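J.: Chain by chain, the residues run as shown.
Protein chains: 4
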Amino acid sequence: MIIVLKPNVSEQQIEEFSRYFGEHSIRVNKWVGDQSTVLGLLGDTSAVDVDFIQQQEFVERVQRVSKPYKKGSREFHPTDTVVDLGHGCCIGGDNFSVIAGPCSVESEEQITLLARDVKQAGATFLRGGAFKPRTSPYAFQGMRAEGLELLRHARKETGLPIVTEIMSAAHLILFEDVDVIQVGARNMQNFELLKELGKLDKPILLKRGLSNTIEEWLMSAEYIMAGGNEKVILCERGIRTFETMTRNTLDLAAIPLLKELTHLPVVVDPSHATGKSSLVAPMCAAALAAGADGLIIEVHNDPPRAMCDGAQSLTPAQFTEVMEKLKALAPAFDKTLNIFK
Amino acid sequence: MIIVLKPNVSEQQIEEFSRYFGEHSIRVNKWVGDQSTVLGLLGDTSAVDVDFIQQQEFVERVQRVSKPYKKGSREFHPTDTVVDLGHGCCIGGDNFSVIAGPCSVESEEQITLLARDVKQAGATFLRGGAFKPRTSPYAFQGMRAEGLELLRHARKETGLPIVTEIMSAAHLILFEDVDVIQVGARNMQNFELLKELGKLDKPILLKRGLSNTIEEWLMSAEYIMAGGNEKVILCERGIRTFETMTRNTLDLAAIPLLKELTHLPVVVDPSHATGKSSLVAPMCAAALAAGADGLIIEVHNDPPRAMCDGAQSLTPAQFTEVMEKLKALAPAFDKTLNIFK
Amino acid sequence: MIIVLKPNVSEQQIEEFSRYFGEHSIRVNKWVGDQSTVLGLLGDTSAVDVDFIQQQEFVERVQRVSKPYKKGSREFHPTDTVVDLGHGCCIGGDNFSVIAGPCSVESEEQITLLARDVKQAGATFLRGGAFKPRTSPYAFQGMRAEGLELLRHARKETGLPIVTEIMSAAHLILFEDVDVIQVGARNMQNFELLKELGKLDKPILLKRGLSNTIEEWLMSAEYIMAGGNEKVILCERGIRTFETMTRNTLDLAAIPLLKELTHLPVVVDPSHATGKSSLVAPMCAAALAAGADGLIIEVHNDPPRAMCDGAQSLTPAQFTEVMEKLKALAPAFDKTLNIFK
Amino acid sequence: MIIVLKPNVSEQQIEEFSRYFGEHSIRVNKWVGDQSTVLGLLGDTSAVDVDFIQQQEFVERVQRVSKPYKKGSREFHPTDTVVDLGHGCCIGGDNFSVIAGPCSVESEEQITLLARDVKQAGATFLRGGAFKPRTSPYAFQGMRAEGLELLRHARKETGLPIVTEIMSAAHLILFEDVDVIQVGARNMQNFELLKELGKLDKPILLKRGLSNTIEEWLMSAEYIMAGGNEKVILCERGIRTFETMTRNTLDLAAIPLLKELTHLPVVVDPSHATGKSSLVAPMCAAALAAGADGLIIEVHNDPPRAMCDGAQSLTPAQFTEVMEKLKALAPAFDKTLNIFK
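Residue numbers (the working numbering), protein chains in the order written: chain A, 1 to 341; chain B, 1 to 341; chain C, 1 to 341; chain D, 1 to 341.
Next up, chain A with everything else stripped away, as it sits in the complex (with noise of 0.2 Å):
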């Protein structure tokens, strides 16, 4: 950590500053410029605050030269991730793998087609919604507990490991044997959620926030690692700007970037990140371009009258079609297309 001192700080206020680190372990070198003196910081600064530094009022400036994340770094931890859960389905290395389903659960019925479906295009993975984040609250709020039912009934029925997003710690108990546990984008900074799942032997889908810079982004997938549970994904879903003809916008450039940060895996979720069902094919192409090691995708039988985010929905015809691009395409990327054993 670098730090640059205002010109008019006093030797007193350094040894002070100085002496504070020395008591914490962290090694002090300074190197007096012309105009200003610097403090380099040697040692484990990762628990150091920078807003602690920042509000001495003979600082300038403060720079972290490590990253402030640890488990989730690449450098100290050079090969890929893989998260595994048998019969083929894993995320990760050379797998290109695909999630799909639909964005809520709506009946047995549907869901179990839908998981079939699904499944015969080549999906490794079903998504459903259960437990639905909306901004109103006089919208559908998802099927909650039955819907988590619904699904583990759809799994049985065609052994696809099962994705659905958590709300609230306090669903936990609910979600013990869902195989991979989503935190959405609204919940990428709720920490105490984090923290819990930190304590679970069980892969975490952490999806980005709205707004959250990919710094910060991999600061809450170091909270779940920082836990003990090294199993997470991370999934890009479109990051909040001033356009609005998409519903987000789909930040591809920061896949191959991640990919030099750390070893976790990343899977894009081109049907939140557009909000239209015409521009999630060429996103998919273009994130399995980009690196991705898989896609989360929303199918809908009926997309008209699913009962949220139809928009951007695919029909099991248009995601076959999809997935056998897909498919064709994934070697000329490393990758080849992950399928169920």
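Think of the hints as simulated: they come from the structure by calculation, not from any bench.
The reader is advised that the hints may include incorrect statements.
Which copy is meant is left open, because identical chains are indistinguishable; a pair holds if it fits in one copy or across any two.
As the list claims (entries may be wrong) - Below, computed lysine-lysine pairings styled on DSSO-like, alpha-carbon distance capped at 27 Å:
hint : residue 1 : residue 2
1    : K67       : K327
2    : K71       : K6
3    : K67       : K325
4    : K335      : K325
5    : K30       : K67
Remember, it's a predicted structure, so these values are computed and weren't measured experimentally.
Starting from the known structure of chain A, fit chains B, C and D onto it as the hints suggest.
T.: What follows is chains B, C and D alone, placed relative to chain A:
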């Protein structure tokens, strides 16, 4: 609600669509233009899902005419809501109320002394964080339950009602005698938490999310009010933009706009909004001038030693100066600085 | 155009308002609902000022039904526009075309060598900045007129058409034999410049502004086309968001969306969008996958010594590798890599 | 300037790099830490290109210590710049100055009457657009040269200096006797225009770009000042964010921040910032409270009939009321409302 249909819509589609609304007691008026057909929905459309309509392939565009929030709307509730906690401590109406205290509760001595200082200077509410949302899992997370205990102690000493942040519905048991529960920016759309708070009979200070629109914010207030708890205080604390010189961008124009849209009181947090103590005093005055009902200000006895957010904290002496200024200015804006009795 | 009126509008106001439109050959249909009255304008409303309507005190909201751009709209011009400069150098349709070269022209040797290198690798257009928009007045401002001279020389040597940025209509005299004139992001709404470019018979590569919406961008293209010059090539180069790890946020979903809205060709600039050379190759592939008609890529013989933007430049060797990859991938996306003949 | 090098940098690379700076009269100090080596540049680094440094493969990160703007910096010019146009019409220092008038000049009668009205109410500068930047080529583009003529006429009638926007350096000949030339948000980084304005001896009102940082804005001011024209007035007019309920987001915290960074006067445009006339009065008061040196306000005799921006214009009566309020408030903020003598 106005629905513009695509030019190629069929008569049958329109009929089926109209029948659908008929089943929900909503009448549909049709208007046929040169290039397109427009439907107007009559009746209570607050439960109609805009997304559902948008996802019909024959729909070009949807536009709400009536507001999606009801309980928070000034239309149906023209007089200002005033939250009253006794001893003259109220927020809303002609009152200009100041909530002050440290970012984090750090010790009994610290919080008690600060409570006395801010009361002396004219604050009528004591703030202090016990549960702290921090980007890094390795940073100080607050004194948690013990911090709440110390806040209670400071209240006993001074009489000031306490305002403190909740991070999980699971902690509600600890917040029973907290006077005002704060929902932080990162939890503005933690809907499960909002629902729980809606069951209480206790004021909720609802901060605006980092990148949430004013409408989404009012919808989150609606979550609380729909549950029966109408004591919601809105708090503007800056939004995330491309500008990095200030911590966030304080959206003061939101204040007079909210005064048109809602009857709920609105306070401003200039400390988090700017992140710089030197900007707090001018932004306090600007918030008053913009029509705010009060402020929430970070005050710390020794900002450089603060365990968090020291860079944006005022010293008690600086705070006293701000209060003198506000007291003198308030009448020019038809407000009276709230006084503890 | 649909105009929702406020509940308290008077009959007389509606009549006067309708008469106003009548004078502009626009018919008005009135539809009276429970809570509000809606007017529908029929006829050519492209010259109707939305702001003008919004400012009537009895108007609640206005919504365009037809698009405000005409010449750029695919509705009125369904087939793709192809810009052709001879020797097989064209952009649009089935072509996938690559424009490559250094950020700045630095010397005769540099630009000539790079022109040969990028031609050898398969680029069909040479880019190079002569006039450089720099944030600081103290930074290198480009070789200006001399730089254009060197570009002409490189064209003579290789045959590649040249693409270079104009910063002022006053420089037009120097751009007479430039093949494609580029309008940079900062000048996307320099309307006086756009009007001048509209008088030419020469392709204009119009970059999207730093924080301009897709609709504003199409309206800027419309400025050029309204003047008579229909050879506009759009260039997505990233938008400004809160994320700072990449220079900008590349909005790839804009590509398939633009393909629906307009017949104009769209290219992508992954170099400026990301600001990091390591992200350029994956973003090139992703742009192709998203449906782009081509790329504009920065290539420099010695990136660390580049006078600007070296951090995002590829070496000729890296560029050659990217081109090999694109050549192999293009057919999967129904494109053929453009070849110089 | 502090340069953090990557761990794998070689001694030779450091030596060569240091030699490069030596050639530019910049001394380099090296500091070797545990994990990384840091270089500190001493001397005048304002011409050093941060990008150039960043693009060296062995550079991890660069950080400026000194500010990249010199002429605009308060560091080197501690006293406030006051722009004085005679008759008591000045901006800066203790003055609080109001520029008022219509968005567009529409006719001799309109501009003359409005000039009288705003002078009567206490404005000391007349604004009025002759050249109008409009998103659509089909919208009213202003009266252009004729509009300037009418402004001159209004000045002759009232004595008020005129403030009007330039859109191209090619129009400079028409602006010779304009008192204050305005550069609009869309031209804030039209560097060729800024350079031309730098050659004049005339105040320039420089609006902040739609999505430009405070530092970029100060660098644009620097373009004008570097040319020799130090009479720059900054104008905050709102930035583009995700919020759409107001036209832009007025960044009032930028005012006290600018007061720390620069000696240049700063005015606020609440009309464009909010886009809603009902928000103008509170934002005028808030701007004064935040420390602004003045305001630029749109006033129209008949807002609903205004040719542009009527929705945000005050009537002369509303404007008079705002002025009365500001006159009463100014002394509380150590300002005196500017009076025409």
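J.: Confirm or reject each hint.
T.: So, going through the hints one by one against the coordinates:
1. K67 to K327: neither (36 Å within a copy, 38 Å between copies)
2. K71 to K6: Answer is between; shortest inter-copy Cα gap is 21 Å, intra-copy 34 Å.
3. K67 to K325: Neither: 38 Å inside a chain and 33 Å across chains, both beyond 27 Å.
4. K335 to K325: both (13 Å within a copy, 15 Å between copies)
5. K30 to K67: both (21 Å within a copy, 22 Å between copies)
Of the hints listed earlier, those the structure fails to meet are numbers 1 and 3, in rising order.
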